[in-house]
Structures are given as structure tokens and as C-alpha cells.
Amino acid sequence: MDGYSLSDLWSILVMQGFSGLSLFSVLLLMALGLAVIFGQMGVINMAHGEFMTIGAYTIYFCSKIVEKHFPEIMPYYFIIAIIAAFAIAFLIGYLVEFLMIRHLYRRPLDTLLATWGLSLIMQQIFRSLFGAREVSATLPNWLMGSWKATPDIDIPLNGLFVMAVSIVVTAAVIGFLFKSSWGIKVRATTQNRVMAGAVGINTKKIDRLTFATGCGIAGIAGAAFTTIASTGPTSGSLYIVDTFLVVVFGGSASLLGTVASAFSIAQAQSILTFFMTNAMGKVVTLLSIIVILMMRPEGLFSSKVRK
Amino acid sequence: MSNDFALAVEDLTVSFDGFKAVDNLTLYVEKNELRVIIGPNGAGKTTVLDLICGKTKATGGSIKFNGVELTKFPEHRIVQAGVGRKFQTPSIYENLSVLENLEISYPKGRSVFGSLMFERTQDVTDRIIEIAEMIFLSEYLEKQAGLLSHGQKQWLEIGMLLIQDPALLMLDEPVAGMSVSEREKTAELLGRISNGRSMIVIEHDMEFVKRIAHKVTVLHQGKVLAEGNMEKVQHDPKVIEVYLGH
Amino acid sequence: MNAFYNRWLGGKKGTIELAILAAFIFVVLPLGLDVFRLNMVGKYLTYAFAAVGLVMVWGYGGVLSLGQGVFFGIGGYCMAMFLKLEASDPISTAHQTTPGIPDFMDWNQVTHLPLFWEPFHSLTFAIVAALVLPAAFAYLIGAAMFKRRVGGVYFSIITQAIAAILTILVVGQQGMTGGINGITDLKTMHGWSINTNSAKYVLYYVNAALLLGSIMLCKYVLSSKLGRLLLALRDKEDRVRFSGYDVANFKIFTFCLGAVISAIGGAMFTLQVGFMSPSFIGIVPSIEMVIFAAIGGRMSLVGAVYGTLLVNYGKSAFSESFPSLWLFLMGAMFIGVVMVFPNGLAGLYETYLKNWFEKLLSARLSVRSNAIRGGLPNEQ
Numbered sequence: 000m001d002g003y004s005l006s007d008l009w010s011i012l013v014m015q016g017f018s019g020l021s022l023f024s025v026l027l028l029m030a031l032g033l034a035v036i037f038g039q040m041g042v043i044n045m046a047h048g049e050f051m052t053i054g055a056y057t058i059y060f061c062s063k064i065v066e067k068h069f070p071e072i073m074p075y076y077f078i079i080a081i082i083a084a085f086a087i088a089f090l091i092g093y094l095v096e097f098l099m100i101r102h103l104y105r106r107p108l109d110t111l112l113a114t115w116g117l118s119l120i121m122q123q124i125f126r127s128l129f130g131a132r133e134v135s136a137t138l139p140n141w142l143m144g145s146w147k148a149t150p151d152i153d154i155p156l157n158g159l160f161v162m163a164v165s166i167v168v169t170a171a172v173i174g175f176l177f178k179s180s181w182g183i184k185v186r187a188t189t190q191n192r193v194m195a196g197a198v199g200i201n202t203k204k205i206d207r208l209t210f211a212t213g214c215g216i217a218g219i220a221g222a223a224f225t226t227i228a229s230t231g232p233t234s235g236s237l238y239i240v241d242t243f244l245v246v247v248f249g250g251s252a253s254l255l256g257t258v259a260s261a262f263s264i265a266q267a268q269s270i271l272t273f274f275m276t277n278a279m280g281k282v283v284t285l286l287s288i289i290v291i292l293m294m295r296p297e298g299l300f301s302s303k304v305r306k
Numbered sequence: 063m064s065n066d067f068a069l070a071v072e073d074l075t076v077s078f079d080g081f082k083a084v085d086n087l088t089l090y091v092e093k094n095e096l097r098v099i100i101g102p103n104g105a106g107k108t109t110v111l112d113l114i115c116g117k118t119k120a121t122g123g124s125i126k127f128n129g130v131e132l133t134k135f136p137e138h139r140i141v142q143a144g145v146g147r148k149f150q151t152p153s154i155y156e157n158l159s160v161l162e163n164l165e166i167s168y169p170k171g172r173s174v175f176g177s178l179m180f181e182r183t184q185d186v187t188d189r190i191i192e193i194a195e196m197i198f199l200s201e202y203l204e205k206q207a208g209l210l211s212h213g214q215k216q217w218l219e220i221g222m223l224l225i226q227d228p229a230l231l232m233l234d235e236p237v238a239g240m241s242v243s244e245r246e247k248t249a250e251l252l253g254r255i256s257n258g259r260s261m262i263v264i265e266h267d268m269e270f271v272k273r274i275a276h277k278v279t280v281l282h283q284g285k286v287l288a289e290g291n292m293e294k295v296q297h298d299p300k301v302i303e304v305y306l307g308h
Numbered sequence: 298m299n300a301f302y303n304r305w306l307g308g309k310k311g312t313i314e315l316a317i318l319a320a321f322i323f324v325v326l327p328l329g330l331d332v333f334r335l336n337m338v339g340k341y342l343t344y345a346f347a348a349v350g351l352v353m354v355w356g357y358g359g360v361l362s363l364g365q366g367v368f369f370g371i372g373g374y375c376m377a378m379f380l381k382l383e384a385s386d387p388i389s390t391a392h393q394t395t396p397g398i399p400d401f402m403d404w405n406q407v408t409h410l411p412l413f414w415e416p417f418h419s420l421t422f423a424i425v426a427a428l429v430l431p432a433a434f435a436y437l438i439g440a441a442m443f444k445r446r447v448g449g450v451y452f453s454i455i456t457q458a459i460a461a462i463l464t465i466l467v468v469g470q471q472g473m474t475g476g477i478n479g480i481t482d483l484k485t486m487h488g489w490s491i492n493t494n495s496a497k498y499v500l501y502y503v504n505a506a507l508l509l510g511s512i513m514l515c516k517y518v519l520s521s522k523l524g525r526l527l528l529a530l531r532d533k534e535d536r537v538r539f540s541g542y543d544v545a546n547f548k549i550f551t552f553c554l555g556a557v558i559s560a561i562g563g564a565m566f567t568l569q570v571g572f573m574s575p576s577f578i579g580i581v582p583s584i585e586m587v588i589f590a591a592i593g594g595r596m597s598l599v600g601a602v603y604g605t606l607l608v609n610y611g612k613s614a615f616s617e618s619f620p621s622l623w624l625f626l627m628g629a630m631f632i633g634v635v636m637v638f639p640n641g642l643a644g645l646y647e648t649y650l651k652n653w654f655e656k657l658l659s660a661r662l663s664v665r666s667n668a669i670r671g672g673l674p675n676e677q
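Protein chains in written order, with this note's numbering: chain A, 0 to 306; chain B, 63 to 308; chain C, 298 to 677.
Some clues are possibly wrong.
When the alpha-carbon atoms are kept at most 16 Å apart in a straight line, the in silico EDC-like pairs for lysine to aspartate or glutamate are as follows [to be verified]: (1) C:444 x A:297; (2) C:533 x B:293; (3) B:117 x C:386.
Quick look at which bits of chain A chain C covers, simulated, 3 or more residues with Cβ under 8 Å [as the list claims (entries may be wrong)]: (4) 102 to 110; (5) 240 to 246; (6) 278 to 284.
Computed footprint of chain C on chain B, listed as stretches where at least three residues anywhere in the stretch have a Cβ under 8 Å from a Cβ of chain C [unchecked claim]: (7) 150 to 158; (8) 177 to 183.
The hints are simulated quantities; they were obtained by calculation from the structure and are not laboratory data. Note that beta-carbon positions come from the ideal geometry of N, C-alpha and C, so glycine has one too.
Put together the whole structure using the sequences plus the hints.
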């Protein structure tokens with residue numbers, strides 16, 4: 000690392016750190032949805048990335064409609080679009096659970112294959128409907144600026160904004176899961192499905208809502224994604240491996256672990272890519288995760304329980 | 063002094079997130095002894111067997127089997143040292159025949175290449191037939207194990223352990239779910255196989271315990287509450303209070 | 298002889314299965330197809346190695362590897378490195394800045410052969426490496442995971458991540474690996490051109506023989522006590538462990554065996570197709586290999602071959618005329634094979650065709666045996 004003075008290094012670290020925040024937000028939201036589905040239901044959803052793509056396309060179409068017909072609400076549309084992204088991904092997730100996932104509980108490897116098939120079909124639907132070309136949503140002007148913290152440090156606002164969104168969503172999910180009656184039912188179903196059914200919880204409905212919610216959160220991840228990259232039919236599939244590693248690395252049952260692991264993976268990747276090529280930064284990050292996982296397979300956070 | 067015993071468990075402790083399922087337990091089993099462990103639900107009976115056979119790792123304490131420390135061994139080494147364990151629900155290979163179930167349990171060809179080279183020699187077949195007779199299954203050798211009755215499955219699992227000729231045999235509720243006549247046969251079977259080896263049996267059925275036990279240990283909340291012959295234990299006021307009394 | 302019949306061929310049923318498969322790939326296909334099509338089938342048959350490996354690892358071993366392409370790729374790259382070095386002799390590369398090194402290295406301003414390429418001047422080394430490297434890599438992954446009792450979906454996800462990492466690495470290190478284009482323009486093996494029609498026939502038959510050999514090896518393994526242990530493991534892993542077996546070793550062995558078989562396919566792919574590229578090691582090809590095995594029937598070794606041929610035939614037929622339809626069909630296959638016919642072609646055969654086929658067969662056999670026994674009434 001010769002050629003960099005200490006203060007240069009500091010500025011690089013801070014700026015890469017902040018640009019890592021966008022990646023962190025996308026990974027966190029993706030992983031949060033996946034962790035809810037995997038941690039709570041034991042279902043591996045390989046099509047999770049495609050739900051993110053649904054969210055991203057929703058933002059894109061919202062921005063086009065607003066730009067054309069209601070330019071006066073342009074500064075605020077993003078908030079509404081995020082809600083739309085959640086809603087559409089939620090509805091499609093609900094449908095997918097009903098048609099497919101519910102027949103596959105207790106067969107995790109089979110779910111993995113079936114949802115991979117689903118992801119292929121969804122990608123092809125995107126390609127047929129929206130074309131293979133990548134599209135970019137028009138973002139409100141205030142999202143495009145940056146904040147000059149010091150003369151050397153430039154922090155993009157979109158990164159701060161999506162991080163705020165992801166923090167709000169994370170807080171909401173944790174709140175729901177641990178405070179609401181729905182959350183208690185979800186956790187009860189996770190811990191003992193038969194008993195939960197016996198005390199009158201409609202476990203099928205809980206499963207469907209949980210799965211749909213996970214997909215909805217992926218839709219919000221798609222919204223965050225549009226602020227850092229353009230959207231194409233296979234955008235989501237690029238994130239699926241990283242997202243799974245985030246969930247597994249964090250310890251599948253711990254949402255706090257998911258946050259910590261998304262943060263460390265995004266930051267490691269973002270900072271490393273400055274010093275090496277993009278590809279090598281990713282290789283080094285993923286490889287370290289796998290090595291750590293091999294030494295500590297239960298992930299970062301897990302508790303010893305009696306089996 | 064612990065070397066005189068077949069099994070010497072000393073100060074054994076295991077805790078799950080602070081809850082001590084087994085708490086400073088000390089237990090000695092002599093050679094050729096048949097020990098029965100009783101105790102109310104959640105007393106830690108099954109956990110003790112789990113600890114001895116290595117399924118659960120101890121938080122502290124020691125388990126010496128014929129003078130060899132077992133707590134650091136992986137499961138298969140404990141088995142190879144001569145400790146066999148039957149699970150509470152019959153744990154057999156449902157898709158294989160009775161013969162194949164016994165063959166897999168035969169203590170030869172346990173390494174990867176050993177199992178590739180393993181041949182069903184006359185010795186193996188003879189031993190399988192001998193065991194099958196002992197466990198009342200000689201007519202069912204070709205039958206798929208999943209199709210056996212519940213009691214027969216229990217016997218098959220005992221047979222799968224016997225074929226390894228363990229020096230310590232641990233049985234977790236061997237007569238659970240058996241008919242009266244099956245219980246009779248099992249009691250007789252246990253009497254026969256306890257010759258020349260130590261045994262630990264967990265059981266709830268007091269009549270059955272009376273028939274087979276040399277000595278009884280009562281567990282309560284992970285600790286030994288009383289120990290001795292059935293007569294003595296049954297009249298122990300502490301035991302009556304927590305277990306037999308209600 | 299009897300042991301060979303029972304264990305390597307799999308008894309009467311297994312021998313008939315193998316004979317039909319052998320007749321199909323040794324006689325029917327070469328007679329029915331021109332050399333171009335046959336070479337294409339030969340390429341598909343190299344994927345069948347990976348599928349056969351997956352039947353062992355996933356079908357019998359119970360662990361789903363989503364990184365089978367990694368081993369296919371290692372085998373393929375080992376062979377490709379040897380062939381590339383032979384194609385890059387100083388005379389034919391005289392126009393390069395640095396003659397004597399592969400062309401892609403020269404394009405990437407690499408001026409001397411990287412050290413790990415050196416031993417690949419030797420064909421023996423390349424063949425040994427194509428078999429040993431995948432086994433060693435599989436052992437490393439398997440030991441790290443199975444010894445710590447990691448299995449199920451965790452294993453699948455981590456093997457998938459390894460496939461992703463390796464692809465990124467190979468693509469990223471263009472100067473050493475040929476990058477996204479892979480290693481191309483392979484011409485001769487010890488001076489024997491691999492691109493002539495006669496070479497294509499020879500390689501097709503070598504490949505077919507190796508495939509049948511691999512299936513027989515797997516049959517042998519499954520017929521041993523190890524095969525029954527694998528079944529027992531999937532049923533009651535704890536019982537096996539508490540019968541004195543070190544369970545992880547059996548899973549590691551199966552995973553390594555699957556890896557080596559896939560690698561043979563990879564090496565044969567390079568020879569038959571004339572290049573190797575990262576597009577055969579990543580996430581997508583690896584999971585497609587799973588669908589080959591699944592369509593054939595995840596517990597059927599010969600089924601894996603038919604499954605591979607069928608899916609790849611469908612792929613080439615569809616993607617020529619309706620490329621977008623193919624992805625829908627592929628997706629539908631993944632869903633269908635899980636939800637509708639979990640035992641694939643082998644399962645369909647068992648339920649619908651087997652009775653009819655066996656009647657046909659036993660009718661013929663009983664006619665013959667009646668003749669031999671001098672017309673004694675058959676016990677049926």
C-alpha cells in the first residue's frame with residue numbers, strides 16, 4: 000500500500016466505507032427476507048433474487064409513470080414506490096407459497112431445486128416482458144447529491160438514504176417478530192409446528208404470510224438496488240449467493256447476526272475492491288467467509304441448545 | 063480405585079445454556095453388573111446415556127471405561143472401545159432386511175476400504191444366525207426391517223448391539239410399547255445376555271425392573287437421589303417423595 | 298466370474314440395463330448419426346459423468362453438491378493445459394512477443410510461463426492431476442464440512458459458493474487461465490490431431506467406454522457393504538455412528554468418488570470439443586448437472602445417462618428455434634421433477650413400463666428355458 004499517505008488511507012477508508020453502505024443495505028434487506036424465510040420456515044428460496052428484481056422493476060415503472068404523468072410529485076414518489084415494491088413482491092410471494100412452496104415443506108433440498116426452476120422461469124418472464132436490456136429508474140434530484148463531510152471526503156446521499164430505509168425495515172421486522180402477536184405465532188410455529196397447530200394457530204396461514212413477507216422485503220431490497228445499479232432480468236440472481244452466505248454466516252436463526260454479517264461482508268468487499276480488482280476483492284471476501292464457516296459452521300451468532 | 067469398576071462416572075456435569083441437565087453425577091458400575099436407572103421425567107436419565115456414548119459432550123467431569131477416559135473420544139471410538147447403546151425409539155434401518163441390519167452392525171470392515179472389501183464369509187453368516195436366534199428373529203432374516211412389529215424392532219436393535227459383543231451395553235427403555243408376552247421374552251433375553259458384560263438399563267416399568275435389576279440408581283434433577291437394591295430404594299423416603307409416592 | 302457378474306454388473310437386472318445402454322451408445326448412436334452429431338452426443342456424454350457422480354453423491358450419499366461443475370472443470374482444465382502447451386511450441390508461436398507460451402498469456406503481457414503450468418508439459422502428469430486434484434479438493438471440502446457434521450442445505454450453499462468463487466477467479470486471472478474465453482485452439486495430443494473425423498470416433502468410443510466403466514465402478518461400490526451403509530446412513534445416521542463407524546469418512550469417500558468421475562468427464566470434454574472455459578464450472582452449469590441426474594432418476598446410474606442425453610437434446614433442439622421457450626421448459630423441469638415425478642425417468646419406467654417389459658422378457662426366457670428343460674412346465 001505504498002503511495003498512500005495515512006490521511007489518504009483514512010479518506011479512502013471512509014469513502015469506501017460509505018459506498019459500502021449501499022451494498023450493505025441491499026445485502027441486509029435481501030438477507031433479512033431470506034433469513035425470515037429460511038430461519039423461520041427452513042425453506043431455501045433460490046428465487047429470492049427474482050423477488051428483488053420485481054421490486055427494482057416496480058421502482059422503474061413507478062418512476063416512468065410519475066415522470067410522464069405526474070412530474071410534480073417526482074421528489075416524493077420514491078417513498079410510494081417502495082411501498083408498491085413491497086406490495087407487489089408480497090402478493091407474488093403469497094401466490095408462489097400457495098402454488099408451490101407449501102407442498103415442499105420438510106424437503107429442503109427439493110425446495111432448493113424447485114425454487115431454482117422458479118427463478119429461471121421468472122427471469123425469462125422479465126426478459127419477455129421488459130426486454131433483455133438493463134433499465135434505470137429516474138431518481139429524485141435530492142437523492143443524487145452528495146454530502147461533503149471534509150474537503151477529502153464525499154459521501155453520496157443515496158447511500159445514506161437506502162441505509163435509513165434498511166434500518167427502518169430491519170427495526171420493523173424485528174419489532175414485528177418479537178412484539179406483535181403475528182410474530183409470536185411465527186416463532187411458535189418455528190419452534191413446534193405440531194404444538195402451535197394444536198393450540199389453534201393456523202400454521203398454514205402463518206407460513207404463507209411469513210413467506211410473502213420475506214418476498215416483500217426482497218422487493219424493498221430491489222428498491223434500494225435501483226439507487227446503485229441498473230436493473231436487468233438477471234440482476235437479482237447476481238446477489239443470491241452472497242445473500243445466502245450472509246444468512247449462513249450470521250447464524251441462520253439470529254437476525255442480529257444477519258445485520259452484523261451483512262455489514263462485515265459488504266464492508267470487506269467494498270474496501271478490498273479499492274486495493275485489488277473488483278473480482279479479486281469478491282474472491283477474497285467470499286473465500287474468507289467460507290474458511291470461517293468451515294471452522295465455525297454454526298455461523299457468527301448461535302446458541303447451544305439441547306437437541 | 064476406579065479401576066476396579068467397568069464404568070466409573072465421576073463429577074459428570076452438562077449444562078445447556080445454564081440449565082444443568084446432569085449435575086455432578088458420580089456412578090460406578092461393576093463388571094457383570096446389570097444396573098437399572100429410574101427416575102421421573104426430565105431427571106436426566108437419557109442424557110446420562112448420551113454422555114457416556116458421546117452423543118452429548120460433557121461440560122465437566124470424567125467417564126472412565128475399564129480405565130480409559132471416554133469424554134474426549136468421538137462416538138465411533140467409544141463404540142469400538144466396547145460401549146453399545148440402544149435408543150429409546152427403535153433405531154434400525156427400515157429399508158434393509160433383518161440380515162443386512164445385523165451385517166452392518168457386525169464389527170468388521172468399519173473403515174471405508176474395509177467396508178468396500180467386506181465379504182459375507184461363513185463366520186459372519188454363522189454369527190448373524192446365532193444372534194438372530196437369540197433375539198427370536200431367525201425366521202425373519204430376509205424380511206424388510208421396517209415391516210417388523212414394534213417389539214421385534216426393539217429386539218433387532220438389541221441384536222445389532224449384541225453382534226458387536228460390547229463389554230458395556232446400555233438400553234434405553236427396551237420394553238416400551240411391548241406386549242406382556244414380549245416383555246417376558248425380553249426379561250429372559252436380558253438375563254441371558256448380561257452374562258459376561260455390564261449393562262445399564264433405563265426403565266419405567268417397576269415390575270420389570272424388579273425382575274432384572276442387580277442394583278438400582280434413582281436420578282432426580284440430574285443428581286443421584288438413591289442407590290442400592292430395589293428393596294432398599296423402594297423404601298427410601300426421598301425416593302417415595304419425588305417419584306414413587308405420587 | 299460370478300462375483301464380477303453380481304457386483305460389477307449388478308446381477309441380471311443390472312446386466313440387462315447396462316447391455317441396453319451399451320448397445321445404445323456403442324452401436325445405435327454411431328450408426329444413426331453423422332460424425333458432427335456424434336461428436337455432439339459425445340459432448341453430452343461427458344456431462345453424464347457429472348450426473349453419474351451426482352447419483353452417487355446426492356442420490357445415495359444424500360448430500361446435494363451444487364459444485365459438481367468445479368470438478369468437471371478441474372479435470373477439463375488439467376487436460377486443456379497439457380494440450381495448450383503442446384499447441385504453443387516455440388515454432389508455431391514465433392510471432393508472439395514471448396514465443397513458446399500460450400497465446401492468451403502473450404496477449405496479457407505475461408512474459409514467462411507461470412510455475413504451476415510447468416508440469417503440464419507431461420501428459421502423464423496432466424492425467425494424474427486431472428484425477429488427483431479433484432479428489433484432493435473434494436477431500437478438503439468434504440473433510441472440513443462432514444467432520445463438523447455440516448450437511449443438508451448448508452453443504453449445498455457452500456459448494457455453490459465455491460463454484461461461484463472459482464469462476465470469478467478463473468475469469469479474473471486472464472493471464473494465467475485464459476479468462477472468460479477459456480483455453481482454446483487445442484490441436485494435438487502427442488502429435489495426434491484431435492480434430493480429425495477419425496480422432497472424433499476414437500475419442501467418442503474411449504469416452505463411452507470410460508462412462509460405462511465409471512457406472513460399473515459405482516455399481517461395485519454400491520454392491521459392497523459401503524453401499525448398504527450409505528442407505529443405512531440416510532435412514533438412521535446416529536445408529537450407524539453408534540455402531541462404530543466414522544460416518545464422515547463414508548460421505549467424504551462418496552463425495553471424492555463423485556468428484557473424480559466428474560473430472561474424467563471434464564477431461565474427455567476438452568479432448569472431444571477442443572476447448573475448456575469457465576462457463577462449465579460456475580453456478581449455472583453445476584445446477585444443470587443436478588437436473589440431468591434428477592431427470593434420469595436420482596437413484597439410477599444408467600438413468601443419469603439417459604437424463605443427460607434427453608435434457609441436452611431438448612436444449613439444443615429448443616434453443617436453436619425457440620430460445621426463450623427453453624428456459625421456461627428448464628424451469629418447469631426443475632419444478633416438475635421435484636413435485637410430480639421425483640424419481641425421474643427411472644421412476645416412470647418402474648411404474649409404467651417395467652411390467653410390460655418384464656413380461657416380454659420372461660416370455661422369451663421361458664420359451665427358451667422350456668426348450669432346455671425339455672418342455673417341463675414353467676413354475677409361473
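Exercise. Output the numbers, in ascending order, of every earlier hint that fails for this structure.
Key: 2, 3
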